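Undergrad: These are the residues of each chain, in order.
Protein chains: 2
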Amino acid sequence: MAGGAGNRLWPMSTEETPKQFVDVLGCGKSLLQLTVDRFAGICPIENVWVVTSAKYASLVKEQLPMLPAENILKEPCRRNTAPCIAYAAWKIKKRDPSANMVVTPSDHFVADVQEFRRVIDSSLNFVNGSDAILTIGIKPTRPEVGYGYIEAVLGNSTLSNKEVFRVDSFKEKPSYEVAEAYVAKNNFYWNAGIFIWNVSTIVNAFRVYQSPIASIFEYLMPYFFTPEEQEQVDARFPECRNISVDYAIMERADEIFVFPASFGWSDLGTWLSLHDNLQQDINRNVAIGGDVRFADTRNCFVSTHGMKRVVVIGMDNCVIAEKDNNLLVCKMGEENRIKDITD
Amino acid sequence: MAGGAGNRLWPMSTEETPKQFVDVLGCGKSLLQLTVDRFAGICPIENVWVVTSAKYASLVKEQLPMLPAENILKEPCRRNTAPCIAYAAWKIKKRDPSANMVVTPSDHFVADVQEFRRVIDSSLNFVNGSDAILTIGIKPTRPEVGYGYIEAVLGNSTLSNKEVFRVDSFKEKPSYEVAEAYVAKNNFYWNAGIFIWNVSTIVNAFRVYQSPIASIFEYLMPYFFTPEEQEQVDARFPECRNISVDYAIMERADEIFVFPASFGWSDLGTWLSLHDNLQQDINRNVAIGGDVRFADTRNCFVSTHGMKRVVVIGMDNCVIAEKDNNLLVCKMGEENRIKDITD
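Chains as they are written, first to last, in this note's numbering: chain S, 2 to 344; chain G, 2 to 344.
Keep in mind that the hints are not guaranteed to be accurate.
[Said to hold, decoys possible] Heads up, simulated EDC-like pairs for lysine to aspartate or glutamate below, C-alpha to C-alpha not over 20 Å straight-line:
#1 340(G) to 292(S)
#2 340(G) to 297(S)
#3 172(G) to 277(G)
Please keep in mind that the hints were generated in silico from the structure rather than gathered at the bench. A quick note: this is a predicted structure, and the numbers were derived from the prediction, not measured.
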């Protein structure tokens, strides 16, 4: 899934170039490229499908030159994750009706790629030949209010994979107090938006729980891999309800499972989360790009693209970010105000 | 005097383009241009002399196209204010031995230009035909530790100008406690580095108190206004002692007078002083250049040249300055650290 337009990381992430296409870590690769790299050894590139807005298709092509062009699915408009996933599921199903499928955002961070691969491999084994809907639950390391939570039913003697548990319920982003209570228990996990299932399972789930969306893709399926595909998708996709897969399927279906995991995951949704995931100096400062000099400064994050030199003196706990001659100076944790101001 | 290389306002002021050549107020004119404008009505442009480093001569020419080229005096190296003033004094004396002379820095700010002109006119009348050395003393508005102070002897019944007083002593930049004590009295003034005298007075003062410097300019005088001037100045000027006019003359001479004045003066030596002298919004923020947006931000100063948009969120009491792709983010008042870091 590469259609988002994250603007909490403005000016690094903009409507024209959202963060999945940006080298936010300063490592030479965009988050999308890192996400594809993460699946090396799990599946070949021909089996990678990128769903994105039509306007980002050329960015995807540019950043993933080895990806077959037909593997880029172009949404004519944003309809949240449920229609996005349905499009990919029906398309993959047409090519291989028994395929197993991993759904992942393309703008997240994973520190321990080896453990990620082990978890995904194990998850694919779990869903193969079953009708299980499996999500990855991240073992929480702090009472984070920016994530949804998954409540698991511990005790799983009947399941084939001892690391997998049944889901009791999905929880919306909590208050701080509620998040503290979740973390104090040992059966609440962050919802990372990563799902594993057999294509027939998710297609059936759409048929049961979101039949209007299912009908649209049943109609579209004959056009997939034909010259009329885009025209038909452009005509019918906008009819899809704007709904997340969590609301559309997860919270309604019965056989939902969670694989609790720890692979150094972050959604990089805020400057703070980005700061926490990068190499910090002794004063907990992070600098990306150019010649950055700190004096008497702590807990600061500097990310610049066009600056020759940046000097930061006497600052604490703030973000300094520049891209394309847009500049943000923001108290860490106040990023939710960026959207209001830049809109 | 336009030879300084103020680096406390980095990156706005740099070695290549020091602040006297920069439009630091965002008004469309550099401080040098504003300084020359301030003398309109006091003397014609042919009587304006600019002493600067040789490397800034073209900047002066560019910014003051109406200034006769020979009125730009080019120092081959920096030797502080005493040799700078001596050069101008001897040169002016050669053209007009009875000229009166105002010495002024070119990188300061004056809010009330009308009052400035009144004070300077009155000062010129006072020194005309006398051997008085007159300085302008700025009535202090706060216990500033960044300025030197002038202690006056109140009671001046013998003087021709009732606004002028004898100087008791010059005081170095004080500690905060000492500055508070100065301000509590009513006979201490900020030393603005503005001097008024007859050229013969200052030439004689150099002969008495700085005879090595005087000898150099006596030697050079015959070359002034000849094709050999620059070559001779380049050869001999470096021999001058590196010393300020305050140490060289003011603190030694006897007949020193002060004209206490209030015309909204600032040396703009720090970002804080610049912030205090510009139009502030209701949250005491100042923005120069580009599209600057503040949220939950107070007492901040933003000065950018190359930015399309600047967003500042949740900040207090800081400076954000960008020029030529150099960026400073600095706690207000910590500017004295800039030099160490950018060197």
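Undergrad: Given the hint that residue 172(G) pairs with residue 277(G), test it: the Cα-Cα distance must not exceed 20 Å.
TA: Roughly 24 Å between the alpha carbons, so the hint for residue 172(G) and residue 277(G) is violated.
Undergrad: Check the hint pairing residue 340(G) with residue 297(S) against an upper bound of 20 Å on the C-alpha distance.
TA: Holds, at roughly 14 Å.
Undergrad: Measure nothing beyond the straight line between the CA atoms of residue 340(G) and residue 292(S); if it is 20 Å or shorter, mark the hint as holding.
TA: Given that 20 Å is the threshold and the Cα spacing comes to 16 Å, the pair holds.
Comparing the model with each numbered hint stated earlier shows that hint 3 is the single one that does not hold.
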